[in-house]
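**Student:** Chains as they are written, first to last, in the working numbering: chain A, 16 to 350; chain B, 8 to 286.
No lab work stands behind these hints: they were computed from the structure. Every clue listed holds true.
Below, a sample of chain A positions facing chain B; criterion: calculated Cβ distance under 7 Å:
no.	residue
1	G59
2	T225
3	G230
4	A233
5	L277
6	F281
The C-beta atom is built at its ideal place from N, Cα and C for all residues, glycine as well.
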Amino acid sequence: MHTLYTWVFEPGFFSNAPVHAAALIGGVVAVVSAVVGVFTVMRGQSFGGHALSDVSAAGGSGALLIGLNPLLGFVGLGIVGGGVMDMIGVRRVRGRDLATGIVLGAAIGLSALFLYLDTTSGATTGATQQILFGSIFTIPSGTIWFVAIFSVISLASIAAGWRPLLLSTVSTDIAAARGVPVRLVGLLYMLALAVSVGLSSLAVGAVLSTALLIGPAAAALRLTTRLGWTLAVACLVGVGATWLGILLAYDSYYWGSGHRGLPVSFFIVAVVFITYLLSGLPAARASRRGAAPPGLRSEKRGTSDERRGKAAPSGAPEASGKTERAGDTACSRVS
Amino acid sequence: MFAGFMMNTWLVATIVAPVAGVVGFFVVLRGSAFPAHAIPKGAFAGAAGASLLGISTLAGLAVFSVLGALGIGSLGRRGRHDVTTALWLVMMLALGAAFLSRTTQYEPEIYSLLFGEVLGVSATQILPVAALGLVCIAAVTVLYRPLMLSSVVPEIAEAKGVRSYRMEICFLLVVALATAMTVPVVGALLIFSLMIGPPAAARSFTDRPGLAMLLSVAIALITVWAAIVGSYLYNWPVGFFVGVLGAFSYGIGRAWAAWRRSRTTPHAVSQLRPAIDRG
Numbered sequence: 016m017h018t019l020y021t022w023v024f025e026p027g028f029f030s031n032a033p034v035h036a037a038a039l040i041g042g043v044v045a046v047v048s049a050v051v052g053v054f055t056v057m058r059g060q061s062f063g064g065h066a067l068s069d070v071s072a073a074g075g076s077g078a079l080l081i082g083l084n085p086l087l088g089f090v091g092l093g094i095v096g097g098g099v100m101d102m103i104g105v106r107r108v109r110g111r112d113l114a115t116g117i118v119l120g121a122a123i124g125l126s127a128l129f130l131y132l133d134t135t136s137g138a139t140t141g142a143t144q145q146i147l148f149g150s151i152f153t154i155p156s157g158t159i160w161f162v163a164i165f166s167v168i169s170l171a172s173i174a175a176g177w178r179p180l181l182l183s184t185v186s187t188d189i190a191a192a193r194g195v196p197v198r199l200v201g202l203l204y205m206l207a208l209a210v211s212v213g214l215s216s217l218a219v220g221a222v223l224s225t226a227l228l229i230g231p232a233a234a235a236l237r238l239t240t241r242l243g244w245t246l247a248v249a250c251l252v253g254v255g256a257t258w259l260g261i262l263l264a265y266d267s268y269y270w271g272s273g274h275r276g277l278p279v280s281f282f283i284v285a286v287v288f289i290t291y292l293l294s295g296l297p298a299a300r301a302s303r304r305g306a307a308p309p310g311l312r313s314e315k316r317g318t319s320d321e322r323r324g325k326a327a328p329s330g331a332p333e334a335s336g337k338t339e340r341a342g343d344t345a346c347s348r349v350s
Numbered sequence: 008m009f010a011g012f013m014m015n016t017w018l019v020a021t022i023v024a025p026v027a028g029v030v031g032f033f034v035v036l037r038g039s040a041f042p043a044h045a046i047p048k049g050a051f052a053g054a055a056g057a058s059l060l061g062i063s064t065l066a067g068l069a070v071f072s073v074l075g076a077l078g079i080g081s082l083g084r085r086g087r088h089d090v091t092t093a094l095w096l097v098m099m100l101a102l103g104a105a106f107l108s109r110t111t112q113y114e115p116e117i118y119s120l121l122f123g124e125v126l127g128v129s130a131t132q133i134l135p136v137a138a139l140g141l142v143c144i145a146a147v148t149v150l151y152r153p154l155m156l157s158s159v160v161p162e163i164a165e166a167k168g169v170r171s172y173r174m175e176i177c178f179l180l181v182v183a184l185a186t187a188m189t190v191p192v193v194g195a196l197l198i199f200s201l202m203i204g205p206p207a208a209a210r211s212f213t214d215r216p217g218l219a220m221l222l223s224v225a226i227a228l229i230t231v232w233a234a235i236v237g238s239y240l241y242n243w244p245v246g247f248f249v250g251v252l253g254a255f256s257y258g259i260g261r262a263w264a265a266w267r268r269s270r271t272t273p274h275a276v277s278q279l280r281p282a283i284d285r286g
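Pulled out of the complex, with its shape left as it was, chain A reads as follows (with noise of 0.2 Å):
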């Protein structure tokens, strides 16, 4: 039983003060994530997310350079990023698609501008992998009141035009007949979004923040309809994966003889990738008992779109039947 335990818990992994850091901060960034998360994967913004993260990437390698506190640059330009990005057209789909890509790509730019100064000014050594990349065991411990200071900020504009922004997720063209202001609530969802993504970059890295923000909702997506039981089950699978990711890296330093260890956010990603994977089995299943003969491709297309239709949340407000049938449309077409 003892071997078996220390088998799976290495020694010290529960006295040592880095894994606690990391355990907590780790498990917040992942429950904002995963919350902001849900609404990102049903807008069907993940790109934008995505490239939030190396937008704020830039800001966090330029004020690395001036000497501010990255976590500044981090969500400061994150913010401005998602700004720009919906002044260019977020809204529509194919305008979106570009309108992210032209910042990503000056962003990028800007990034590798910054840290070619940080490294050639050798203040700062190793700034390339931990802009990008980062690593959660290694964060100072001043960062913690500043993650739940953001982390409030985010989850509560989020909280804020809960319902609006529900609404206009399912479908903006009702959202928008029914008085919502759909471009501002889109607004306050982007600053949400910059927020939590600068956050995140900054506590486990640019990569890592991607995985946590798309993954765990976009499996739970897959697995329920309802929109509480949808956020519970992100955030258990946000929290599972980092605990999970960093357990097994610190266990991975007592793999072999070469005492080098694996890093923390390849465990991560790997633990939220396979979760994804799995989530998309019982739906696999039920659309191959589901009727379609196998010939026919249309009617399987058919199926396939239902399920996603089923993915958007069922708890809008009042016009139920007709909100479904929107989202319906709403997720295909964003898809």
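Guided by the hints, dock chain B onto chain A, whose structure is given.
**Tutor:** Positioned in the frame of chain A, the structure of chain B alone reads:
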């Protein structure tokens, strides 16, 4: 600026830009900016893996960019495109992080893979780059009609027997090849800017596909050449100039389109115009 050691750079850049301009034209047309960003970025992991195994970087890049194209294409068939692209990308990047943690790669080398290095182009790189470029252009030429059809009117293409899934995979493979060849010069991250900025700008100048493609190649060439000059003069990374100039050319395109619209079209049509432009 035109000294012997710079000639390789000029040559490779001049090969790279047209390919990026042509492939990028379809990227913008199909609205697949995300895959076009994800494939090069994910291919970076291949370069890290190649340096771990001690094989050629170009081979690592090619393998991983093809892997990325296939993964994004086939996963995107089941789930939502943007979601699966994001997840496949982070998975490849995570592998890259794992590879990097195993190597004792010197930081500037990682940096130049990501953001490009003007002076890093050696004579031995020219031949593979030119060969890959030719393959890319040839592939686009062969696929031109069905690809154009399935990009603009997917329903009609499907009715005419062009399988959109197969087209998507073919197109992503072309993007993957273009990626592998361009990474050594402009870097894994900036090839994306080169595939988005110039074509997007070109499209706002003209609606005719052939002309837009030529224009896109021309803008891409100007962008790359200007970037090399800037990088040479100021000693700043070439990627910075490529990224900023790409966005800048798009800004000019948008401004020009807005100006032309306000001058030539009556008010009612000008309001419809954006919807028509975006299809």
